[in-house]
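Each chain, written out:
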Amino acid sequence: MVCRSRTFEKLSGRHAALIPFVTAGDPDPSETVALMHRLVEAGADLIELGIPFSDPMADGPVIQRASERALAKGVKPVGVLQMVRDFRQRNRQTPVILMGYLNPIEAFGYQNWARAAVAAGADGEIVVDLPPEEAGELKNHMDEHGLDSIFLIAPTTTPERADLICTRARGFVYYVSLTGVTGAASPDGRRVKAHIDEIKSKARLPVGVGFGIKDDKSAATIAEFADAVIVGSALVDRIHRSSEAGEDFKQAAFDFVTELSGAISTSRDAEEASA
Amino acid sequence: MNAVFPVKNYSFPDDRGHFGPYGGSFVSETLVRPLRELEDAYRRYLKDPEFLAEMDRDFKTFVGRPSPLYFAERLTRHYGGARIYLKREDLNHTGAHKVNNTVGQALLARKLGKTRIIAETGAGQHGVATATVCARLGLQCVVYMGSDDIERQTVNVYRMRLLGAEVVPVESGSRTLKDALNEAMRDWVGNVDTTFYIIGTVAGPHPYPVMVRDFQAVIGRETKEQMMELEGRLPDAVVACVGGGSNAMGIFYPFIDDEEVELYGVEAGGEGLSTGKHAAPLCCGRVGVLHGQRSYLMEDDEGQIVDTHSLSAGLDYPGVGPEHAWLKDRHRANYSSVTDGEALQAFHLLTRKEGIMPALESAHAVAYAGQLAGEKDKNESIVVNLSGRGDKDIDTVAKLEGIRVAVNTVISC
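Residue numbers (the working numbering), protein chains in the order written: chain R, 355 to 629; chain G, -3 to 409.
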């Protein structure tokens, strides 16, 4: 059964969607909600919001540092949910997906977390260090409250496991485009396409692609075959640099996401022309 | 799953690496397949007589096993109670128990055709043991080490470099062992095809906790035989220090079925449990998920991992192997802690009474065994796992006592 959530609907259109990732609270917790609105204005179809964790094992240096800075500013999981709630006051349509690690959710309590996240207005969550085999209990609570459990598929995932993940996932499937941490080297478009085609042949869910997408060019390449393009480290890095330079980091984020969005639209048009 | 070295009435972990509610495999998707391949290899080769013979040969001729079981007569007299035996893992090649595991895992790496080895290290003992076996087998070696630890363990850093290893300073987080482990894991995610990750303790995602236990269980098996030879009976108690917990699991595991043998794990009490400056998750942590496994952890109310403190870098870790969490809950092993000060005292005491200078980690076990011996009868016996030698800690001890040691080595990174 396919759970037709808001995220699913949003990503099931004919064209690739754009999903920017930001770390909640970086560089300034009081600006995160305004930043999220700016991302939508720039063309974000969905927002992925990172919950800072002290030991982000799957993240490269850019998101590690962003996590450290956010934690140093006192950002807590419950504070991240408050940001989602505040965002929802002005935006009820754009899906918000949380991204984080399991331990803060354990500390909060699985059921309480699923309930609170949905009440705040979140649509789904990626728990990076929770493969489907270990996800049973948390996933039950997420299903019960209607929080999409978004699982990853990696280049190392065997076809049998990919089947299992596609059955259990909700909202969309997140394809990790390279064997590495977030923000590592650029993915090889052709290899990614081959995998995506295979996954799409069995997934009844949209497939988003992330890790290593750095600029308009790589975003356009991925947009040719993926249902969504996820850009994290490159955006977090721009935000940080411009904030460090004393510039308007929201504007910098807006400009970058506008660029990405433009590149994806061009790729969409090209696709349509050739269709 | 069937353990490679089975214990009759104990069959943990299960097929997916769970020790009751603990353990498991909490990793990002990319690592799921490499971990499964590792598990398959571990199961296959640890039942392969040829592989086991090769490992035994290395244990004997390269590590120097069996390590002696030594009766500490003057220490026993000092405490005035039970007879204290020391399992001399400090006499192994490279000076600690760590090498038992690195010999095993490096042989496994070679079987899998991996040419590059990575490892994390805290005190540097595991890093040295890894660099040593890599030198011997001609494998490339990269060791991740927190930059704070690099500062407190300069001699071991230099040893690793002499052995041809690349030591990579880790500047993130608290710049200690836990961050080194994060960084090694990140390296592995990016290089799974060529690289074998040798974890140094009974923590991490399945199959590491069970695999490292099985490689270290040689300690307990020898201890059993040696006690039967020396005393004609098993010891009344076994004491070991617990950071991640590999030397403790190694000596505990073969005794798990012998319920008359009490098992004591000793955590780092740092400046005292009440000060919060310690590394004793089993004594006063909470259950959570870190480094691929569920176990007791040092964390705050929001589930963020907190900084730990111990005089000994090897115990300065916020987590602990999942099997210890399970043994604690089942009341099969008792866990308590010893402060920096008590460990330091034991360090001096053993050095003066027996001419054996223990690692500060092992000094924790000695201190606790002293307390225990005093409560026990003279015809009872206690085995302390003397997991490492103290040469690496001379600088730390001297600094604490305001003495500058001339051999202080300054190494730039």
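Hints in this document: simulated from the structure, not taken from any laboratory.
Treat the hints with caution; some may be incorrect.
[Claimed, not checked] Just a sample of chain R residues kept apart from chain G, beta carbon distances all over 10 Å, derived:
#1 366
#2 408
#3 483
[As the list claims (entries may be wrong)] Below are the DSSO-like pairs computed for lysine-lysine, each with C-alpha atoms no more than 30 Å apart in a straight line:
#4 G:220 to G:273
#5 G:324 to G:395
#6 G:349 to R:427
#7 G:324 to G:220
#8 R:547 to G:56
#9 R:568 to R:427
By construction, the Cβ of each residue, glycine as well, lies at the ideal position given by its N, Cα and C atoms.
Hints, verified against the model:
Every CB of chain G is more than 10 Å from the CB of residue 366 of chain R (nearest about 23 Å), matching its label as outside the interface. Not every Cβ of chain G is farther than 10 Å from the Cβ of residue 408 of chain R; the closest lies at roughly 4 Å, contradicting the non-interface assignment. With a least beta-carbon separation of about 5 Å from chain G, residue 483 of chain R fails to lie farther than 10 Å from that chain, contradicting its non-interface assignment. Proposed proximity of residue 220 of chain G and residue 273 of chain G is contradicted: the alpha carbons are some 36 Å apart, above 30 Å.
Simply put, residue 324 of chain G and residue 395 of chain G have alpha-carbon atoms about 36 Å apart, too far for the 30 Å limit, and the pair is violated. Using a Cα cut-off of 30 Å, the hinted pair residue 349 of chain G and residue 427 of chain R is violated, with the two alpha carbons roughly 52 Å apart. Under the criterion of a C-alpha separation no larger than 30 Å, the hint pairing residue 324 of chain G with residue 220 of chain G is consistent with the structure, at around 22 Å. Taking the CA atoms of residue 547 of chain R and residue 56 of chain G, the gap is near 52 Å; set against the 30 Å cutoff, the hint is violated.
With a C-alpha separation of about 27 Å, the suggested pairing of residue 568 of chain R with residue 427 of chain R holds against the 30 Å cut-off.
When held up to the earlier numbered hints, the structure conflicts with 2, 3, 4, 5, 6, 8 and fits the remainder.
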